[in-house]
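The task is simple: from the sequences and hints, build the whole structure.
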Amino acid sequence: MNGNARSSADGTEIHDRGYRKYEGARSGVVGAVRSLVWQTIRSILGLGRPARHKVFPVIVVVIAALPAVVFLGVALLFRDLGDDSLVNYSDLFGFSVAPTMLFAAMVAPEALVRDRRDGMFSLYLSTPLTRASYMGAKALAVLSVMLIIALGPVLLALLGYTVIGDGPPGVVEWFKVFFRLTAAGLVISAVMAAISMAGSSVTDRRAFASVAVILVIFGGAIVSSILVDAAEFSNAYGFLDPMGTVGETATRILGESPEQGGSASELSDSDTAAVALGAAAWFAAGAGIVGYKYRKLEAT
Amino acid sequence: MSIITTSGLTMQFGTQRALDSLNVAVQSGVTGLVGANGAGKTTLMSLVLGLRVPTAGQTRVLGLDPRARGAELRAQIGYGPERNVLPQDTPASDFVKHMAEVRGMPRNEARGRASDALWLVGLGEERARSLGTMSTGQRQRVKLAQAIASDPALLLLDEPTDGLDPVQRDEMLSLIRQVSREYGIDVLLSSHLLEEVERICDHIVALDAGRLVAQGRLEDLVGDEQGVAVELAETADQPHAFNDVVSRLSESGLEVRHGEVGSRMEVIGPDADLIADLVRDAVADANARVIRIERRRRRLEDLFSAGTP
Chain A
1 MNGNARSSAD GTEIHDRGYR KYEGARSGVV GAVRSLVWQT IRSILGLGRP
51 ARHKVFPVIV VVIAALPAVV FLGVALLFRD LGDDSLVNYS DLFGFSVAPT
101 MLFAAMVAPE ALVRDRRDGM FSLYLSTPLT RASYMGAKAL AVLSVMLIIA
151 LGPVLLALLG YTVIGDGPPG VVEWFKVFFR LTAAGLVISA VMAAISMAGS
201 SVTDRRAFAS VAVILVIFGG AIVSSILVDA AEFSNAYGFL DPMGTVGETA
251 TRILGESPEQ GGSASELSDS DTAAVALGAA AWFAAGAGIV GYKYRKLEAT
Chain B
1 MSIITTSGLT MQFGTQRALD SLNVAVQSGV TGLVGANGAG KTTLMSLVLG
51 LRVPTAGQTR VLGLDPRARG AELRAQIGYG PERNVLPQDT PASDFVKHMA
101 EVRGMPRNEA RGRASDALWL VGLGEERARS LGTMSTGQRQ RVKLAQAIAS
151 DPALLLLDEP TDGLDPVQRD EMLSLIRQVS REYGIDVLLS SHLLEEVERI
201 CDHIVALDAG RLVAQGRLED LVGDEQGVAV ELAETADQPH AFNDVVSRLS
251 ESGLEVRHGE VGSRMEVIGP DADLIADLVR DAVADANARV IRIERRRRRL
301 EDLFSAGTP
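Protein chains in written order, with the working numbering: chain A, 1 to 300; chain B, 1 to 309.
If you are wondering where the hints come from, they were derived from the structure by calculation, not from laboratory data.
Quick reminder that beta carbons are idealized off the backbone N, C-alpha and C, glycines included.
Any given hint could be a false lead.
Distance windows between CB atoms, simulated [said to hold, decoys possible]:
no.: 1; chain 1: A; residue 1: 215; chain 2: B; residue 2: 16; range: 32 to 40 Å
no.: 2; chain 1: A; residue 1: 55; chain 2: B; residue 2: 166; range: 38 to 46 Å
no.: 3; chain 1: A; residue 1: 218; chain 2: B; residue 2: 12; range: 42 to 50 Å
Following this line, the structure appears as structure tokens:
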């Protein structure tokens with residue numbers, strides 16, 4: 001910076017620090033996507049924003065991690081109970097249903113609705129980003145944040161059990177469990193991210209988008225329960241419950257049947273292929289809505 | 001060399017034709033894209049950026065086709081939109097750095113350039129402030145900073161003085177001029193305020209209802225013409241004064257142009273000083289009152305009233 005400065009009318013000073021031409025390499029679409037993913041994650045978690053934006057993410061993360069911490073504590077304090085003091089991983093996924101739903105209702109509206117309301121969507125499209133790369137970056141950011149809730153506590157439990165000596169026996173078995181947990185977490189996060197982004201694509205009001213996401217997840221569970229449990233319709237109506245569907249998918253990935261300690265659901269008797277298709281259908285429905293809405297969204 | 005060329009560029013929205021067979025060649029320097037609201041300025045900018053598919057015609061920007069090589073092209077363009085697009089909670093430096101990264105700057109380079117750009121536009125001390133707490137003038141400066149931070153070859157600025165008071169407008173125009181002259185960045189600046197375009201632009205592209213009205217170097221489109229322009233005061237006690245002055249000047253062999261009604265006339269001739277003397281004498285003889293006598297001048301407004309491409 002040199003000392004060449006002049007005052008302006010509103011009290012600001014214009015400093016001529018010199019302008020440097022940039023001759024180096026540019027990072028292109030890859031750099032644009034990387035920056036957008038990171039900026040979106042920061043925005044969702046309230047990083048670099050006033051404290052009030054950090055409150056909700058912190059609360060949900062604490063709620064999600066609490067069961068894993070409690071069970072680790074129980075396992076550590078009551079080691080003489082043996083395996084009775086341990087919780088199975090699909091149950092831990094089950095404990096994260098409520099925080100995952102809360103996060104799904106908050107994450108994508110923050111990631112998508114804000115950009116449309118601020119006009120940032122159009123500004124981003126004036127850069128190397130295209131609609132496809134913009135949506136890819138947003139999906140990656142939403143998925144990453146959902147993984148914190150869906151996978152974080154379970155991995156914490158795995159590491160904790162391992163440290164206290166109650167983890168999977170042997171390195172091969174440990175990695176087998178690790179990859180199964182990661183796959184299950186990815187499925188839950190991907191489906192929840194797709195539903196969350198779909199809800200955020202249909203309205204420009206963040207609150208409405210959050211309500212829409214909760215309605216789909218919570219409403220699906222209620223309708224499914226009424227049809228299967230109360231009206232005694234086919235268990236196939238259990239697929240109307242997105243959380244139940246991905247939960248069952250996670251159970252199958254983990255290889256924990258109800259008989260082996262896994263949780264029972266309306267879909268427990270369904271084929272694994274049908275369960276996987278159900279989860280894929282929810283993902284495809286969410287992604288389809290997002291694609292349709294953003295293909296038609298005008299950038300000016 | 002033309003940095004933007006269009007041929008037969010047409011954009012139709014339903015029954016409304018926003019651009020109609022537009023053939024323009026934007027040269028290096030600062031080019032003013034002028035026209036009333038709805039003339040097609042923003043539509044042309046979105047076509048230049050490749051954000052829309054034209055109904056017909058071709059566009060080349062910096063030698064590239066925006067439709068075929070849009071991402072590559074947009075990495076070389078800094079865009080300052082008309083709308084208020086800034087995220088409220090984000091500090092100015094974070095926003096400008098992020099936009100520089102999105103336009104292809106490596107992270108460390110983006111940080112330094114964001115800081116430099118904010119100092120350049122006069123917001124160095126305010127760079128940590130949230131955008132939502134800034135005044136309209138400061139936010140317009142941030143929009144300029146984010147557009148230049150990535151060292152673009154071409155700046156597209158859509159109504160960059162919108163919402164600014166006259167002093168802030170002067171400062172913004174000076175900054176834009178500085179960016180072009182000192183840093184060698186070509187600028188396409190859209191505005192509906194003709195006098196600000198006249199002040200800083202080298203070239204003009206004038207649109208009216210989607211059609212090209214005029215294009216070329218500013219000095220060829222505006223400037224002094226032969227003769228003088230005269231404006232007389234309308235007074236109740238001298239109702240024929242205007243016609244008397246016109247008659248006397250015509251009898252002197254001068255060409256006088258005036259409308260059906262009004263108090264302005266143009267007196268055409270090669271020697272403006274001599275004509276001014278003759279006008280003074282005619283005004284005195286007719287006992288008329290003068291508001292102003294000035295050299296005839298082509299103005300940007302005249303392009304729109306003439307309507308000739």
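Item to check | Outcome for the supplied range 42 to 50 Å, where the beta carbon pair is residue 218/A and residue 12/B | outcome: 45 Å, holds
Item to check | Whether the CB-CB distance between residue 215/A and residue 16/B falls inside 32 to 40 Å | outcome: 38 Å, holds
Item to check | Range hint 38 to 46 Å (beta carbons of residue 55/A and residue 166/B) holds or violated | outcome: For residue 55/A and residue 166/B the Cβ distance comes to about 44 Å; the hint holds.
In this structure, none of the earlier numbered hints is contradicted; all agree with it.
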